[in-house]
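Visitor: Each chain is listed here by its residues.
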Amino acid sequence: MSRLRDSSLGQGWLILLLAGVFGALLAAVHLKLSPRIEDNIRAEIMREIPGLLLGAEVLEGASITIEGDLVTVEPAAGEPRVLTIVEQPSEASALYRVAEGDPGHLLGWVARGQDHGYADVIELLVGLTADTGRITGIYVLNQKETPALGDGIVRSDFRRHFVGIPTDRPLVVGADAAQSRYAIQALTGATVSSRSVCKIVNDTVALVKVEIAEEPEGSNARP
Amino acid sequence: MPVPEPTPLERFLNGILPENPVYRQLLGLCPTLAVTAAMKPAMTMVGATAFVLICANLITSLIRHLLKPHLRILVFTLTIATFVTIADRTLAAFAYPMSKLLGPYVPLIIVNCMIISRCEVCSSKQGPKTALADAVGVSLGFLLALASVATVREILGNGSWFGIQLVPESFPTLILMILPPGAFLALGSLLGLATWLGHRRKARASEPPAGSA
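Protein sequence lines correspond, in order, to chains A and B.
Anchor point for the first sequence: position 213 equals 213 in our numbering, and the numbering is continuous, going up by one each time.
Anchor point for the second sequence: position 43 equals 1043 in our numbering, and the numbering is continuous, going up by one each time.
Treat the hints with care, as some may be off.
Said to hold, decoys possible - Taking lysine-lysine and the DSSO-like style, the derived pairs with C-alpha atoms no more than 30 Å apart in a straight line are:
id: 1; chain 1: A; residue 1: LYS32; chain 2: B; residue 2: LYS1125
id: 2; chain 1: A; residue 1: LYS32; chain 2: B; residue 2: LYS1100
id: 3; chain 1: A; residue 1: LYS144; chain 2: B; residue 2: LYS1040
Hint data in this document are derived by calculation from the structure and do not stem from the laboratory.
Put together the whole structure using the sequences plus the hints.
Guide: Encoded structure:
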């Protein structure tokens, strides 16, 4: 009897029991809340895609309306712009085909990619031109990097470095950012987070380029 | 002769001012500095922390006779982490923009010493009624602390309170107060004020009554 009491099971039964009960509780919470959380994330993606492809300045003072796959951007000045955003089957977390006005007029692509950062998973949206030849912008969908250091990846001055870079070569993090257009200046004190972002962008771009190249000819113009 | 354990009412009252987690114990300083640039995120953090503290205190109190001394911290951490995850997911589902704004600070409630200290000091030794009173009192104390820091920072830095503009837009504001250094300035000043008030009250209490020679 005393041997059982002194064994690992005898010592840790309460922890095992609590782990089981709490695990079941968390599973129930996840089942109940995850559809709602996914809806919130989808709405955020739909809101951010216009900024990635049209430019952040278009969204300044603009109102955005989301109705299914249609996103209407009404700028403070100028005509409203209607985007059709359709999710494509992809090996990336998600790939969105974005057309403007007439659904046949392809504006570009936005892919969702993720990988490990310094603290936890970083999730990005990467915008690409219609021919996937250039990056149009990135948006940080989810991150838990070190506050005041790694979380600088969400700042627009860091994300702006990626806009307009050709996709024919992988991006690198380096001090020679001023010399090379493929080099991204790392955030001070957050080299790991900066490298992770570059890796996610490189992996996502490579995957999307292959997938789009493999599509039947003319499919990019289909409605 | 053993010292009698505090009653539920004493636990409740102690948590608010005499043992205020921020101003008297200097615990929970990470959220106090990080999310007090405005009242809305500060109050959301208080709500999430109070939920975790109340649940953790109640569970720990209910199983206190089963706790083995060398495994108790593991049980506390497991319990706290579970309820922090529930709070985090609930915010992501029902208050998504606020969840994004608070970022890693909600998961970081797990390492808030204020919660584990209440499990250690109170709920692992006393019954559920006392544990509940203690959790509510400490939560109110935490609310008082975060509300005071956030009020100073939002009014001085933004001219607003809970997002409601209090001074005209043209009125100059101290932007520094809603930036990270402003958190240290506000907390340091309020901490100094609280300590000074505490010393003054003690000094007055120790003065001999007038007329007694």
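Visitor: Report the numbers of all earlier hints that the structure fails to satisfy, in ascending order.
Guide: Violated: hint 1 alone.
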